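Participant: Residues per chain are reported as follows:
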Amino acid sequence: MQRRTFLSLGGALLAGSALAGWTLGRGDGGPLLLSARDDAQGGHHAVGYRLDGQRVFSCRVTERCHDVVPHPFLPLALFVGRRPSRESYLLDTRDGRLLQTLHSRQDRHFQGHAVFHRDGEYLYSTENDTREPGRGVIGVYRLEQNLLQHSGELSSHGVGPHQLLWMPDGDTLVIANGGIRTEADSRVEMNLDAMDASLVLLSRDGRLLSRERLAEQQNSVRHLAVARDGTVVSGQQYMGDGHEQAALLAIKRPGQAFRPFALGEAQRQAMNQYTASVAIHDELRLLALTAPRGNRFFIWNLDSETLLLDVPLADCAGVAATAEGFVVSSGQGRCRHYDCRSPSIRMRPLELPAGLWDNHLRLA
Amino acid sequence: MQTSFRLLGSLALTLALAACAPQDPHQKVSAALASNVLLPAYHGWSEANRTLEQSARAFCAGEQDLTQARQHFSAAQSAWAALQPLAVGPLSEGNRAWQVQFWPDKKNLVGRQVERLVQSNPQLDAAALGKASVVVQGLSAYEYLLFDPALDLADDSQKARYCPMLQAIASHQRGLADEVLNLWEGEQGMAAMLRSTPNTRYPDGREALGELLRTQVSALDGLKKKLGTPLGRQSKGVAQPFQAEAWRSKASLANLAAALASAEQVWRGNDDNGVRSLPGAQHQNLVKRIDEAFSDTRKRLAAQQRPLGEALADPAAREELDALYDSLDRLHRLHESELSRALEIPLGFNAHDGD
Numbered sequence: 001m002q003r004r005t006f007l008s009l010g011g012a013l014l015a016g017s018a019l020a021g022w023t024l025g026r027g028d029g030g031p032l033l034l035s036a037r038d039d040a041q042g043g044h045h046a047v048g049y050r051l052d053g054q055r056v057f058s059c060r061v062t063e064r065c066h067d068v069v070p071h072p073f074l075p076l077a078l079f080v081g082r083r084p085s086r087e088s089y090l091l092d093t094r095d096g097r098l099l100q101t102l103h104s105r106q107d108r109h110f111q112g113h114a115v116f117h118r119d120g121e122y123l124y125s126t127e128n129d130t131r132e133p134g135r136g137v138i139g140v141y142r143l144e145q146n147l148l149q150h151s152g153e154l155s156s157h158g159v160g161p162h163q164l165l166w167m168p169d170g171d172t173l174v175i176a177n178g179g180i181r182t183e184a185d186s187r188v189e190m191n192l193d194a195m196d197a198s199l200v201l202l203s204r205d206g207r208l209l210s211r212e213r214l215a216e217q218q219n220s221v222r223h224l225a226v227a228r229d230g231t232v233v234s235g236q237q238y239m240g241d242g243h244e245q246a247a248l249l250a251i252k253r254p255g256q257a258f259r260p261f262a263l264g265e266a267q268r269q270a271m272n273q274y275t276a277s278v279a280i281h282d283e284l285r286l287l288a289l290t291a292p293r294g295n296r297f298f299i300w301n302l303d304s305e306t307l308l309l310d311v312p313l314a315d316c317a318g319v320a321a322t323a324e325g326f327v328v329s330s331g332q333g334r335c336r337h338y339d340c341r342s343p344s345i346r347m348r349p350l351e352l353p354a355g356l357w358d359n360h361l362r363l364a
Numbered sequence: 001m002q003t004s005f006r007l008l009g010s011l012a013l014t015l016a017l018a019a020c021a022p023q024d025p026h027q028k029v030s031a032a033l034a035s036n037v038l039l040p041a042y043h044g045w046s047e048a049n050r051t052l053e054q055s056a057r058a059f060c061a062g063e064q065d066l067t068q069a070r071q072h073f074s075a076a077q078s079a080w081a082a083l084q085p086l087a088v089g090p091l092s093e094g095n096r097a098w099q100v101q102f103w104p105d106k107k108n109l110v111g112r113q114v115e116r117l118v119q120s121n122p123q124l125d126a127a128a129l130g131k132a133s134v135v136v137q138g139l140s141a142y143e144y145l146l147f148d149p150a151l152d153l154a155d156d157s158q159k160a161r162y163c164p165m166l167q168a169i170a171s172h173q174r175g176l177a178d179e180v181l182n183l184w185e186g187e188q189g190m191a192a193m194l195r196s197t198p199n200t201r202y203p204d205g206r207e208a209l210g211e212l213l214r215t216q217v218s219a220l221d222g223l224k225k226k227l228g229t230p231l232g233r234q235s236k237g238v239a240q241p242f243q244a245e246a247w248r249s250k251a252s253l254a255n256l257a258a259a260l261a262s263a264e265q266v267w268r269g270n271d272d273n274g275v276r277s278l279p280g281a282q283h284q285n286l287v288k289r290i291d292e293a294f295s296d297t298r299k300r301l302a303a304q305q306r307p308l309g310e311a312l313a314d315p316a317a318r319e320e321l322d323a324l325y326d327s328l329d330r331l332h333r334l335h336e337s338e339l340s341r342a343l344e345i346p347l348g349f350n351a352h353d354g355d
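The listed protein sequences correspond, in order, to chains A and B.
Residue numbers 1 to 364, in UniProt numbering, belong to the letters of the first sequence in order.
Residue numbers 1 to 355, in UniProt numbering, belong to the letters of the second sequence in order.
Hint data in this document are derived by calculation from the structure and do not stem from the laboratory.
These figures come from a predicted structure and were not determined experimentally.
Just so you know, even glycine gets a beta-carbon here, dropped at the ideal spot from N, CA and C.
Keep in mind that a hint or two might mislead.
[Unchecked claim] The calculated label-pair distances, taken between Cβ atoms and stated as ranges, are:
id, chain 1, residue 1, chain 2, residue 2, range
1, B, 233, A, 131, 21 to 29 Å
2, A, 54, B, 199, 25 to 33 Å
3, A, 205, B, 326, 57 to 65 Å
4, A, 242, B, 233, 16 to 24 Å
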């Protein structure tokens with residue numbers, strides 16, 4: 001398909017959406033919150049809610065999903081299967097209609113994260129090569145007529161890749177290679193004594209630009225946030241003993257080396273060696289992190305690395321920046337909004353269904 | 001968008017105010033448990049630690065004998081064990097629980113680190129102990145000093161060697177218990193958060209109750225681990241008597257009983273105002289089964305007359321312990337699956353099964 005065809009197709013979708021009353025801007029209920037969520041019986045769903053509580057859709061899916069990847073301008077999103085899933089789901093975010101069940105190729109499973117390129121034509125997904133378990137690959141898919149078609153593969157230049165994001169240039173990928181080897185259809189860690197986690201910068205054509213590691217060998221680099229100025233923050237999960245000290249939060253400022261974030265000892269201990277989602281607020285220069293094993297939510301100043309908020313939040317899960325601050329979900333309690341515009345951060349519970357929200361959320 | 005957020009804010013407040021009205025059953029149970037079960041237990045723990053601090057001083061001054069010192073330790077340990085199903089808030093935060101008890105201790109870190117510290121710092125005080133590893137700050141180290149077979153604090157020279165540490169631990173524990181009790185009391189304290197919502201911690205009574213239930217479920221799971229580990233459930237059935245909690249003071253089963261009694265209080269409340277009062281008429285069969293499960297576990301535990309270490313060596317007693325484990329397992333599962341579903345309180349899964 002030629003680029004022109006693709007764009008005109010997008011145009012058709014856009015025209016359709018305008019007819020349906022959907023606008024590229026936000027509806028009155030605020031941005032659309034996209035996330036995986038379970039029901040009380042353990043069924044898995046891909047859901048979309050307005051922040052005022054209005055349900056836009058809830059689509060029952062077979063596999064539990066992890067991250068959600070909204071298309072940069074079309075009303076579609078890929079709900080990525082949680083590892084070691086072999087399915088991801090492409091949905092129309094206006095009504096939750098399932099457009100495609102994307103199957104991983106033979107000898108590959110999804111690792112839970114993906115990104116659309118800013119042009120909207122290609123999607124990149126972290127995957128595991130199950131013939132050579134642990135070898136990280138980036139599956140490349142092309143969007144054609146609202147369907148994703150496999151079109152190629154890159155190396156992640158590491159073991160067990162998890163989240164990946166774009167650097168601000170929109171053409172360089174930053175990849176969290178978790179360092180953990182797992183087999184097909186399994187979540188069991190096979191190499192805890194020989195883990196190799198890394199933070200990789202990769203050009204879109206597959207060229208390795210840099211690969212950096214943290215000091216602790218059992219520290220799994222998992223989740224990422226990238227600021228507009230190119231600052232990368234990573235959240236770790238430490239697989240060693242509970243009382244050992246590891247850099248659970250790390251930062252790579254533009255042109256500088258990847259290094260531990262200035263984390264207070266009390267906050268590090270409170271995380272119970274486990275971080276879930278990280279998010280950056282570009283306008284307010286803030287960093288937010290959920291730590292569901294410690295049941296705590298944190299906000300820091302991204303520039304000074306000083307702590308601004310450290311609060312209990314049961315089983316906190318996804319976090320994303322809003323105009324005023326951050327929205328946070330929870331596997332147990334209600335979703336919260338934190339207004340960070342003044343020095344005293346104000347929390348407000350949201351009128352969304354409580355609990356059963358999965359690890360990540362996106363605002364579209 | 002700002003306007004809509006503001007509108008949303010007032011809406012949230014209205015709903016939250018409605019939720020905190022006295023008729024909200026979750027709020028009622030959470031408030032009753034905070035006042036009648038949790039706060040008294042934290043008072044009890046604090047008092048037991050005051051007594052422990054006095055006991056350490058008296059023992060080291062020759063005013064108490066080893067038997068008395070051991071009794072006061074056992075009282076403090078039992079008060080701590082009773083807090084397990086009640087460990088919401090401060091005790092589950094800031095590394096505090098580790099400072100009281102270091103378990104599991106697979107590599108005998110407690111014994112080794114106590115000896116190393118006594119060697120390197122013979123005149124240890126509470127301030128220096130506060131900077132040391134959590135392994136040596138708590139009851140596990142105190143128990144080692146008073147009960148380890150290789151030590152004998154009835155002997156004067158040994159007593160002189162270990163007494164500074166014994167007193168330092170007792171002071172550290174007293175300070176910790178006082179700090180936690182302070183965080184429970186007062187206008188912004190944990191008890192107030194559980195009694196009345198919305199507040200900075202809980203937007204509504206359901207969420208407060210949810211945290212109590214989650215703590216209960218994870219404590220029951222913890223009791224399974226505390227019994228299952230020495231029973232060899234994680235080691236192909238080979239008994240591991242020295243992996244038991246409180247094996248030195250032979251209080252493993254007594255600790256289980258203290259924790260189970262608290263869990264039953266969370267269930268019943270002090271006047272049938274506990275979690276038990278929440279399931280509706282259609283769930284009364286479940287209520288009955290949980291009543292029976294508590295009673296079954298309690299009776300099986302009470303039937304164990306000998307310390308766990310001895311029972312593990314006796315095949316007949318081993319069978320009884322296995323049956324006790326199964327009973328605990330039933331109790332845990334009833335809470336974890338059926339009760340949480342009946343109350344429509346999600347226990348969360350990101351913490352247990354994250355990615």
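Participant: All the hints need checking, so say for each whether the structure fits it.
Facilitator: Each hint tested on the structure:
1. Under the hint 21 to 29 Å, the C-beta atoms of residue 233 of chain B and residue 131 of chain A, about 36 Å apart, miss the expected range.
2. Restraint check, residue 54 of chain A to residue 199 of chain B: a C-beta distance of roughly 27 Å satisfies the suggested window 25 to 33 Å.
3. Take residue 205 of chain A and residue 326 of chain B: their Cβ atoms lie about 59 Å apart, and the range 57 to 65 Å holds.
4. A beta carbon spacing of about 20 Å between residue 242 of chain A and residue 233 of chain B agrees with the range 16 to 24 Å that was offered as a hint.
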